[in-house]
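> In case you want the letters, here they are:
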Amino acid sequence: MPQAKRKYQLRIPSQTDNLEIIREFVSRVARKVGFKDDDVGKIELAVDEACANVIEHAYQKDDKQPIDIAIQIDYQKFTVIITDRGHGFDPKKIRTPDMKEYLAQMRVGGLGIYLMRTLMDEIDFDVKPGKRNQVKMSKYFLDKKSKHADPKEVPSFK
Amino acid sequence: MNGFEVARADNGAITVLRLKGYLDAHTAPDLESALQKLIDEKRVNIVVNFKDLSYISSAGLGVFMGFIEEVRGGGGDIKLTNMSQKIYRVFDLLGFPTLFEIREDEGLALGSFSHPKSR
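Which chain is which? The protein sequence lines are P and W, in order.
Here the working numbering runs 2 ahead of the position in the first sequence, where the first position is 1.
Here the working numbering runs 1138 ahead of the position in the second sequence, where the first position is 1.
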């Protein structure tokens, strides 16, 4: 039987050369709980995009600030919570871009949030600028449509 | 160590950049410098080989977006080759196959430049 909830945490300075360590951390845990390469790759990329946004936008490249990455696992899903204390943004202003329009204009940047929304099953922003900004992203162990399937099919934890 | 390398090979009027390692927000500036150098030298027929690239994020894709207009404006192109399925998926998710020529193999990309001239 799968175990109950589990939590893994990493606190790391807001430097782009730490993105590699962040990806490694998230991938290892995702693989350990049974995700295959394809989903590990999606989770890894979504978390990289979120943290790169924190470094560039929330902390505006101040490389001494902390980024907190927490992974919560329960029976159904793998959730990554990324927290910073930098400048926030209005999540209502972040919309899924019209890719056709985007490509026509060949704009640079701003692709990260689109990728995060596309790669993960759920995403939620909780923004309190200067106090605490949080993005919470989840991926279900089973296809989201069949998430209430037989719990025996949920990957077991070692 | 940076985890990312760009190897350059000039082949007549065409330049091949072979990427190795991971391309993210940390290493994207290295690729940016390599492409800027080519443009400064007026070498605009560019093939980028992804065979040894293990990872790419939107920061890496943004570099190609940042240069393609200028390169095409100069009569050249940036053609992308030898992508693994993992790398191709990221390009595909962001709609890049409609914007960039993506070839299976470096040789095919080299042959597809018509009468390349050094500019």
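It cannot be assumed that every hint is accurate.
[What the hints assert, rightly or not] With a Cα cut of at most 35 Å, we get these calculated DSBU-like pairs of lysine-lysine: (1) W:1175 x P:133; (2) P:9 x W:1158; (3) P:138 x W:1189; (4) W:1175 x P:141; (5) W:1175 x P:9; (6) W:1175 x P:38; (7) P:63 x P:138; (8) P:79 x W:1180; (9) P:66 x W:1158; (10) W:1158 x P:133; (11) P:66 x P:9; (12) P:38 x W:1224; (13) W:1180 x P:66; (14) P:133 x P:63; (15) W:1175 x P:79; (16) P:34 x W:1175; (17) W:1189 x P:133.
Think of the hints as simulated: they come from the structure by calculation, not from any bench.
> For each hint, tell me whether it holds in the structure or not.
Do the hints match the structure? See the list:
Between the alpha carbons of residue 1175 (chain W) and residue 133 (chain P) the distance comes to roughly 42 Å, so the proposed pair goes past 35 Å and is violated. Straight-line distance between C-alpha atoms of residue 9 (chain P) and residue 1158 (chain W) comes to about 34 Å, which keeps the hinted pair within the 35 Å bound. In summary, the hint linking residue 138 (chain P) to residue 1189 (chain W) is supported, as the alpha carbons are separated by about 33 Å, within the 35 Å threshold. As the CA atoms of residue 1175 (chain W) and residue 141 (chain P) are separated by approximately 41 Å, the hinted pair breaks the 35 Å bound.
Between residue 1175 (chain W) and residue 9 (chain P) the alpha-carbon distance is near 46 Å, which puts this suggested pair outside the 35 Å criterion. Simply put, residue 1175 (chain W) and residue 38 (chain P) have alpha-carbon atoms about 40 Å apart, too far for the 35 Å limit, and the pair is violated. Only pairs whose Cα atoms come within 35 Å are accepted, and residue 63 (chain P) paired with residue 138 (chain P) is accepted, the gap being roughly 22 Å. As the CA atoms of residue 79 (chain P) and residue 1180 (chain W) are separated by approximately 51 Å, the hinted pair breaks the 35 Å bound.
Note on residue 66 (chain P) and residue 1158 (chain W): the hinted pairing holds, with a Cα-Cα distance of about 29 Å set against a maximum of 35 Å. The hinted pair formed by residue 1158 (chain W) and residue 133 (chain P) fails the criterion: a straight-line CA distance of about 39 Å is larger than 35 Å. This hinted pair checks out: residue 66 (chain P) and residue 9 (chain P) have alpha carbons roughly 25 Å apart, not beyond 35 Å. About 13 Å separates the Cα atoms of residue 38 (chain P) and residue 1224 (chain W), which keeps this hinted pair within 35 Å; it holds.
This hinted pair does not check out: residue 1180 (chain W) and residue 66 (chain P) have alpha carbons roughly 40 Å apart, beyond 35 Å. Between residue 133 (chain P) and residue 63 (chain P) the alpha-carbon distance is near 17 Å, which keeps this suggested pair within the 35 Å criterion. Straight-line distance between C-alpha atoms of residue 1175 (chain W) and residue 79 (chain P) comes to about 46 Å, which puts the hinted pair past the 35 Å bound. The suggested pairing of residue 34 (chain P) with residue 1175 (chain W) is violated, with an alpha-carbon distance near 43 Å, which exceeds 35 Å.
A threshold of 35 Å between alpha carbons decides the hint, and for residue 1189 (chain W) with residue 133 (chain P) the separation of about 43 Å lies outside it, so the pair is violated.
Checked against the numbered hints listed earlier, the structure breaks hints 1, 4, 5, 6, 8, 10, 13, 15, 16 and 17; every other hint is satisfied.
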